[in-house]
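Q: Now for the letters of each chain:
10 protein chains.
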Amino acid sequence: MAEEIYTGLGQLGSDAKAAETPEEATLERVPNPHPDMLYCARFVAPEFTSICPVTGQPDFAHIVIDYAPNEHLVESKSLKLFLQSFRNHGAFHEDCTIYIAKRLMELLEPRYFRIAGYWYPRGGIPIDVFWQSGPVPEGLWVPETGVAPYRGRG
Amino acid sequence: MAEEIYTGLGQLGSDAKAAETPEEATLERVPNPHPDMLYCARFVAPEFTSICPVTGQPDFAHIVIDYAPNEHLVESKSLKLFLQSFRNHGAFHEDCTIYIAKRLMELLEPRYFRIAGYWYPRGGIPIDVFWQSGPVPEGLWVPETGVAPYRGRG
Amino acid sequence: MAEEIYTGLGQLGSDAKAAETPEEATLERVPNPHPDMLYCARFVAPEFTSICPVTGQPDFAHIVIDYAPNEHLVESKSLKLFLQSFRNHGAFHEDCTIYIAKRLMELLEPRYFRIAGYWYPRGGIPIDVFWQSGPVPEGLWVPETGVAPYRGRG
Amino acid sequence: MAEEIYTGLGQLGSDAKAAETPEEATLERVPNPHPDMLYCARFVAPEFTSICPVTGQPDFAHIVIDYAPNEHLVESKSLKLFLQSFRNHGAFHEDCTIYIAKRLMELLEPRYFRIAGYWYPRGGIPIDVFWQSGPVPEGLWVPETGVAPYRGRG
Amino acid sequence: MAEEIYTGLGQLGSDAKAAETPEEATLERVPNPHPDMLYCARFVAPEFTSICPVTGQPDFAHIVIDYAPNEHLVESKSLKLFLQSFRNHGAFHEDCTIYIAKRLMELLEPRYFRIAGYWYPRGGIPIDVFWQSGPVPEGLWVPETGVAPYRGRG
Amino acid sequence: MAEEIYTGLGQLGSDAKAAETPEEATLERVPNPHPDMLYCARFVAPEFTSICPVTGQPDFAHIVIDYAPNEHLVESKSLKLFLQSFRNHGAFHEDCTIYIAKRLMELLEPRYFRIAGYWYPRGGIPIDVFWQSGPVPEGLWVPETGVAPYRGRG
Amino acid sequence: MAEEIYTGLGQLGSDAKAAETPEEATLERVPNPHPDMLYCARFVAPEFTSICPVTGQPDFAHIVIDYAPNEHLVESKSLKLFLQSFRNHGAFHEDCTIYIAKRLMELLEPRYFRIAGYWYPRGGIPIDVFWQSGPVPEGLWVPETGVAPYRGRG
Amino acid sequence: MAEEIYTGLGQLGSDAKAAETPEEATLERVPNPHPDMLYCARFVAPEFTSICPVTGQPDFAHIVIDYAPNEHLVESKSLKLFLQSFRNHGAFHEDCTIYIAKRLMELLEPRYFRIAGYWYPRGGIPIDVFWQSGPVPEGLWVPETGVAPYRGRG
Amino acid sequence: MAEEIYTGLGQLGSDAKAAETPEEATLERVPNPHPDMLYCARFVAPEFTSICPVTGQPDFAHIVIDYAPNEHLVESKSLKLFLQSFRNHGAFHEDCTIYIAKRLMELLEPRYFRIAGYWYPRGGIPIDVFWQSGPVPEGLWVPETGVAPYRGRG
Amino acid sequence: MAEEIYTGLGQLGSDAKAAETPEEATLERVPNPHPDMLYCARFVAPEFTSICPVTGQPDFAHIVIDYAPNEHLVESKSLKLFLQSFRNHGAFHEDCTIYIAKRLMELLEPRYFRIAGYWYPRGGIPIDVFWQSGPVPEGLWVPETGVAPYRGRG
Ligand SMILES: [Ca+2]
Ligand SMILES: [Ca+2]
Ligand SMILES: [Ca+2]
Ligand SMILES: [Ca+2]
Ligand SMILES: [Ca+2]
Ligand SMILES: [Ca+2]
Ligand SMILES: [Ca+2]
Ligand SMILES: [Ca+2]
Ligand SMILES: [Ca+2]
Ligand SMILES: [Ca+2]
Ligand SMILES: [Ca+2]
Ligand SMILES: [Ca+2]
Ligand SMILES: [Ca+2]
Ligand SMILES: [Ca+2]
Ligand SMILES: [Ca+2]
Ligand SMILES: [Ca+2]
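For the protein sequence lines, the chains are G, X, Y, H, F, V, U, P, R and A, in the order given.
Residue numbering for the first sequence follows numbering that gives the first Met the number 0, beginning at 0 and increasing consecutively.
Residue numbering for the second sequence follows numbering that gives the first Met the number 0, beginning at 0 and increasing consecutively.
Residue numbering for the third sequence follows numbering that gives the first Met the number 0, beginning at 0 and increasing consecutively.
Residue numbering for the fourth sequence follows numbering that gives the first Met the number 0, beginning at 0 and increasing consecutively.
Residue numbering for the fifth sequence follows numbering that gives the first Met the number 0, beginning at 0 and increasing consecutively.
Residue numbering for the sixth sequence follows numbering that gives the first Met the number 0, beginning at 0 and increasing consecutively.
Residue numbering for the seventh sequence follows numbering that gives the first Met the number 0, beginning at 0 and increasing consecutively.
Residue numbering for the eighth sequence follows numbering that gives the first Met the number 0, beginning at 0 and increasing consecutively.
Residue numbering for the ninth sequence follows numbering that gives the first Met the number 0, beginning at 0 and increasing consecutively.
Residue numbering for the tenth sequence follows numbering that gives the first Met the number 0, beginning at 0 and increasing consecutively.
Derived by calculation from the structure, the hints in this document are not laboratory data.
It cannot be assumed that every hint is accurate.
Listed next, the in silico DSSO-like pairs over lysine-lysine satisfying Cα-Cα at most 27 Å (straight line) [what the hints assert, rightly or not]:
1) Lys-16(A) to Lys-16(U)
2) Lys-16(G) to Lys-16(P)
3) Lys-101(R) to Lys-16(R)
4) Lys-76(V) to Lys-16(Y)
5) Lys-76(F) to Lys-16(F)
6) Lys-16(P) to Lys-101(P)
7) Lys-16(A) to Lys-76(U)
8) Lys-76(H) to Lys-16(P)
Go ahead and model the full structure; you've got the sequences and the hints to work with.
A: As structure tokens, then:
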């Protein structure tokens, strides 16, 4: 099993803080220890928050990311800090969700990628945003996210 | 078993429409067929809606009413029409919930009464309102409402 | 362990049919094999149906009965047939539920009894009826019924 | 990330009220900030209500809308007000649900659209209405709605 | 939106009673207000009951019907009365379920039809019966029924 | 509807007991009342138990059987007795599950068959066994079993 | 922490088989390692089965046992074998459940004891049996069992 | 019903922003429209976030507040802004939760108050904090919060 | 709000490793920032594991700890390391659970303490262990743990 | 049914202990008793734990393995011991999960294989890893795992 893939990273194991904006945040990657295997890694980030650019109010989302690594894995601490960099930054729901996707696509050039943003309701109506990089490649296993739908009350 | 208690009612079996305001709505009652028994009747009204007096926006609630009949039962069609009469009427959450209680208390003089109003969230925060007429009388069985709490997303 | 308590019964093991009305139905009882123990027996009858005396439409309920046997147990096949005897008989929700209780109280003279009738909604509003014979006797264990509340849709 | 797409709108940020009928309601749209991405946006509207044209009684539904934006997004406040405009308007279940679809199809000319209307039961039987604009385009991710089925009681 | 499709019906708005047998029951239909749209309507009937032709005991089922209307919709009150007509009629599980399908197929000649009968257990083993008229037509959206499986106890 | 298919059976309506081994058990069949319809029947048997041939300890399973009848249906009482015949018989998990399948395949020659055996955990690890006779025939509707996965504690 | 309490036992670590009847089964006990603490131990036995003395059919139950040890703990392997000894033994639901209680009471003389037997349905109606040795002693924590109620279908 | 209680407020209906620290935030109150009724109001705030004073990392919590109004209600928009003021402020879990309580106690002098803070896990272990102002007053109805416990995975 | 309570600790913020046995592990405490408030803190540890002293096999548990702080709080990193110290140490279920309680009682001298150990099944039967230091003090709020019961399969 | 397949094994029925590293662990196999049947066996291992090679902290996972046997089955006790051998061994999440797959692929040369590793969260974000050996072979039935998604709190 691989033990040497996490060298030369800037944030892991250090006291790195989140950047002030997503654009300033640095996503890091490490070599995929199993480039011969078409597999899926899923991250669930239930603690996402950003700012509404119109009202200045905080927005919240539960984010699920699935990807099939190609030559690299995302280094998970840099992913956490990247997600935290939206904390005081204004961005619309669709934009946030898709921007996260674009940054990870650029970093990883994965065989497959998808993102789901489950946003908390505003005005009684929640919005979910779903994007994938294309059809699921043949032979890749990507289970459903299983996130409960919004149900109001009762 | 009782078969004659529903005579002399104004709304049951007719084409009665909801009143335009709760104050105008007529609640009707019928004799309790088992006045010797200390029991509880529960109504669940998942289709409650009113108007916010400040914003003019519709509000929604899931309402649960429990009461222990004394000499009378509420006639259920008149209850339905009474609840519908809030549809285009402005009233705050706490006020609506407690007003429903007061009207039923006045009509029924029950041995026990309680109401739960589970309001849909506004600004990300739902409000629930709970009132009962006093401690549960000894020997009366009033199960929990079991309504699922609001959970946001995820 | 007891093996001789089910003798002399009219319906168990025979091809007995349900009576045409609850009044005609015969409830049978057998000796309590453990009269020294204050325990609770719960029956769940999710297949209850009767007729609305006003509209002639069928009504449905999920019924839960808890009791603490005294000298007798209810014989379960006679209970099943008794409940089936409401099938084509007109009776209101509260009446049905309480009548079942009264018949079983009369038959069993139990140390404790309670009944819950969870009726399917009519006009969007379901009614539940709860009755118990008095406070739960000290030392008797009667768990909650755990029946899910009505939730409408969503 | 986009910050200028919400200009020139009539309702957002103002005190706009819902129109009196769906036909009078104005749906607004904004440019899709990511027209290069085939993605799905989902709206959940658990607070839908209209009037039955036969009985005059209120009807309720839990509505889920999924669409893949083409050149435009629906502006969410105008969507909310459009849905509110059914509040005192008579329309059948199938009609309401499909009419919402048609109005949004006309406004957005999306790459894909679907709607689910989960209506509260009447006469003990709820109706659900499901429509989509055609097969899901290859590569578009549209998860199941996950709405719990109606279960009656028990 | 359509407002004139419910004229000339025999049962809607009248005091029609259920027929004594399914064969005698009259199913009625109305014009499909959106014959240009390939959509699905789902009915959930949790209150189905019939009689076992061998034992004479009542049987119960939770029925889910999905269909894609062609030129007609089933009129929902006549459907309710049709389902009620099995109440005192003997029929096996598979037969009941498939017979309902055949009657609706004959009435509606729909673009697609399916039925699920979830029968309450007998002898500890429940039976479910599933039929559809053929593969789901391309572009029709028919979500899973989501009915919970039987789980015994625990 | 069919009423004459259950004649000439050995076990239904009699006091038949389970055989002592699965090999000795007699499965019976009746004519399929709807051979023109490609439908699915599901049996859920949550009360399955056998003996581990190595340790002599009892094993337990929750079994789900789906099949599309061809010319015959399995007679359900004989199925129940067949499943009971494993009670004191030693057989491995995979063997039991597949043997049940083979016996039913032989009896019914169905258009499609599948079986799921959800075995209770041993050594902290449960085993599930899934087999089907081939791809689901085009147009046959076979919903997921929906059985909850094993979750340990918490 | 205690390490010497499991010596001198007849069944633990050996190839002991279950006795043929509950009366013949030997329950064993070990010293309570914390006799100074008023605590509760809960056993959940979802694999209980016995024989109906009237019909000879197998019965199944999900059993939950809570007790507050006094001077002894029940040795868990002997408990497992004791429960297995009902496998081919005829006993009624109430009898089985209460007999288990009596044997454990006799063996352990605990500060508190309770048992819940959740029996699989027969004739559509499951029976639960609940017994406790008396009121919960002050300061003892005995959480609810949380077992899901029987729900039929849907 | 009351309509004049929301006058003279600083934040409601204006574009008020959250303060930068909880100490600077202004909580506002309005007269209780039903001071004669001992009732409970519940707020659920699933979007709470603060900063860990040791690590500088964001913390998240799901907060539930129940109180029995005395002479005043908390004005809900000021509550929302107060909770938002923790967003970039460092505070420990226990401290945050209890500080919220103290500020509301001071503002409202309620007849009863309680707060539950359900914090997201750190290091695999979540912390919940529960406080109430004293025993629940006789006759006040305060249902359980019903928040799901943390379960890890599986 | 308090900011100076975490000084002088040995493990927090350092690279401390778990001790090799529970006896060697050092639990640390910090001053209670709100000694004037009778509140409850709950820790959920779903990742507990130890070794069976008889078989040498690993055991697993989901642990829930509730306590009402007196003068001190447990420092959470030292608690995590204490729980990890059981990883390669042999101890029986009841012993482990109660030993954790005794160590925390000794460290904290809390106003109230309780622990629940939900152990994964062995031989098909899981054991839960529940202990509390005495009755819940008047006015302390300690909600149920809400942990799902073991359910076997199905 | 097969009874002779478990001969000549090194670990089953003996007191074998887990190896100290996965590389040293011996996986054993037995002949597939039904090589003519394309079926799926699923193992659920909710008790998996390993060590993080960077921090030395324990990691936990809930693992689900599905495979379609070819000529051999994995012997389940050797699988259990293999999984236990990760207990004190350092390995990254992706590596562990994929390494288990590779070892089983090598041993079994199955017709199909897949693995899901549901890892407990670190830093608030859990990772899931999914791999399969290729597309599901035509006619093989491999149900979804149904594992609940991570949901944070609330
Ligand atoms: Ca799926
Ligand atoms: Ca409760
Ligand atoms: Ca409770
Ligand atoms: Ca709802
Ligand atoms: Ca699905
Ligand atoms: Ca699905
Ligand atoms: Ca079970
Ligand atoms: Ca599915
Ligand atoms: Ca409780
Ligand atoms: Ca039901
Ligand atoms: Ca409770
Ligand atoms: Ca777990
Ligand atoms: Ca409780
Ligand atoms: Ca409870
Ligand atoms: Ca699925
Ligand atoms: Ca959440």
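Q: Decide, hint by hint, whether the structure agrees.
A: Status of the hints after comparison with the structure:
{"no.": "1", "hint": "Lys-16(A) to Lys-16(U)", "verdict": "holds (24 Å)"}
{"no.": "2", "hint": "Lys-16(G) to Lys-16(P)", "verdict": "holds (26 Å)"}
{"no.": "3", "hint": "Lys-101(R) to Lys-16(R)", "verdict": "holds (22 Å)"}
{"no.": "4", "hint": "Lys-76(V) to Lys-16(Y)", "verdict": "holds (21 Å)"}
{"no.": "5", "hint": "Lys-76(F) to Lys-16(F)", "verdict": "holds (10 Å)"}
{"no.": "6", "hint": "Lys-16(P) to Lys-101(P)", "verdict": "holds (22 Å)"}
{"no.": "7", "hint": "Lys-16(A) to Lys-76(U)", "verdict": "holds (21 Å)"}
{"no.": "8", "hint": "Lys-76(H) to Lys-16(P)", "verdict": "holds (21 Å)"}
In summary, this structure violates none of the numbered hints.
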